[in-house]
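Line by line, the protein sequences are chains D and C. The first sequence lines up with residues 1 to 169 when you count with my numbering. The second sequence lines up with residues 1 to 235 when you count with my numbering.
FYI, nobody ran anything at the bench for these hints, they're computed from the structure. Since the model is a prediction, treat every value here as computed from it, not as a measurement. Hints are not guaranteed to be accurate.
Facing chain C, according to a computed beta carbon distance under 8 Å, are these residues of chain D, among others [said to hold, decoys possible]:
(1) His-63
(2) Pro-65
(3) Ser-71
(4) Leu-139
Cβ coordinates follow ideal geometry from the N, Cα and C atoms, glycine included.
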Amino acid sequence: MKSDTAVPVKDAPKTDPRLKLIAARIKKENYKPDALIEILHTAQGAYGYLPIEVLTYIAKALHLPPSRVFSTVTFYHFFSLKSKGEHTCIVCTGTACYVKGAQAILNKLEQQFALKPGQVTKDNKLGVQVARCIGACGLAPAVVIDNDVQGKVNVEEIIQSINEKTGIL
Amino acid sequence: MNKIPVLIDEKKLEVDPHRTILEVCREHDIEILTMCHLKGIADIGSCRLCLVEVEGINKLMSACTTKVTANMVISTATERIKKYQRITTELFFAERNHVCAVCVSNGSCELQELGYKTGVDNIRYPHLFPQCNVDTSHPWYVMDHNRCIMCTRCVRVCNEVEGAHNWDIKNRGHQVRIISDFDTPWGASTTCTSCGKCLHACPTGAIWPKAIVQGQLVKNPGMITELVEKRKMRL
């Protein structure tokens with residue numbers, strides 16, 4: 001439904017390159033409301049999460065009701081309304097990893113950074129999450145730091161690895 | 001159009017094809033309990049109260065979304081169905097905070113009526129007692145999530161009949177809630193037209209006008225059905 005009524009790309013704030021990225025994707029998808037999920041993927045990739053202002057922009061551009069967009073975002077676990085942090089540390093808590101001491105890793109992370117699963121440090125540098133199983137049971141216990149899977153880790157190695165990536169300590 | 005024979009509760013009926021089991025039963029005064037069904041808006045089969053047994057199919061079928069076929073043998077009131085209806089009703093009551101005595105809808109509530117019909121005298125499941133908001137931000141209406149049963153009739157009426165799509169659902173599982181816009185207060189909605197159709201579509205006391213006090217609310221869901229029919233006629 002490409003039409004004159006669709007929000008033109010030039011209306012996207014020129015100062016924010018991330019919004020331009022989303023605007024380009026919307027244009028590529030021909031302003032089709034069906035492409036909502038693809039566009040949300042792009043937005044989440046650009047921002048790391050989905051701020052309400054961006055959702056408002058997407059809803060307007062696609063002529064979708066705000067509630068429909070919000071409904072879609074909250075239905076899928078992949079989408080997040082809150083920032084997950086610049087760097088993420090995902091601890092696998094599947095059966096194998098749990099047996100091999102995933103809880104000890106989580107305890108250490110909480111002790112070191114005062115972060116419980118799902119929380120982000122105040123400066124937004126690091127976020128800790130848990131996953132049920134990342135499918136690397138042979139590498140238990142496994143931790144994913146910034147999309148980098150680290151297997152058969154011990155607590156000290158993780159703290160060191162996080163420190164190298166984020167320079168947080 | 002050729003009529004097709006079906007057997008419902010051992011009654012032989014000649015009915016139009018392309019109709020749902022629910023429509024056929026309602027036409028022939030066979031009672032089927034429903035909650036999420038409202039004539040005039042799309043059926044989604046979510047309340048699971050209209051389940052019926054169809055011969056040759058092991059699982060129970062929802063009457064509102066299953067079309068009749070020739071020589072279908074349907075039972076609507078077996079012990080198995082009655083058992084499930086009672087379970088479903090009890091789960092409705094256990095899920096949120098339903099207190100009839102202080103509810104605006106007391107006496108004219110579809111959930112209350114359902115409780116009487118299925119003979120619920122106690123609830124065998126632990127109540128969840130969720131912390132629910134009461135949204136009083138709209139100048140005329142109140143949305144009380146404590147009394148909502150997630151039938152989504154308001155969502156469908158707002159979308160299909162009014163065309164505003166103010167309502168939708170957030171989250172999933174037991175954390176689902178009806179939302180207005182971006183889960184913002186109803187009063188701040190940019191899409192709501194304040195038409196009040198959701199209020200009449202709501203089977204319980206979840207949406208009600210502010211001027212009403214306890215037990216005084218009279219809802220008219222039939223108005224929605226009439227409205228849809230009148231619009232089709234285009235007088």
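Hints, one by one, checked against the model:
1. His-63: This interface hint is violated because 11 Å lies over the 8 Å limit.
2. Pro-65: holds, 4 Å
3. Ser-71: Hint on D:Ser-71: holds, closest Cβ of chain C at ~4 Å, below 8 Å.
4. Leu-139: violated, 31 Å
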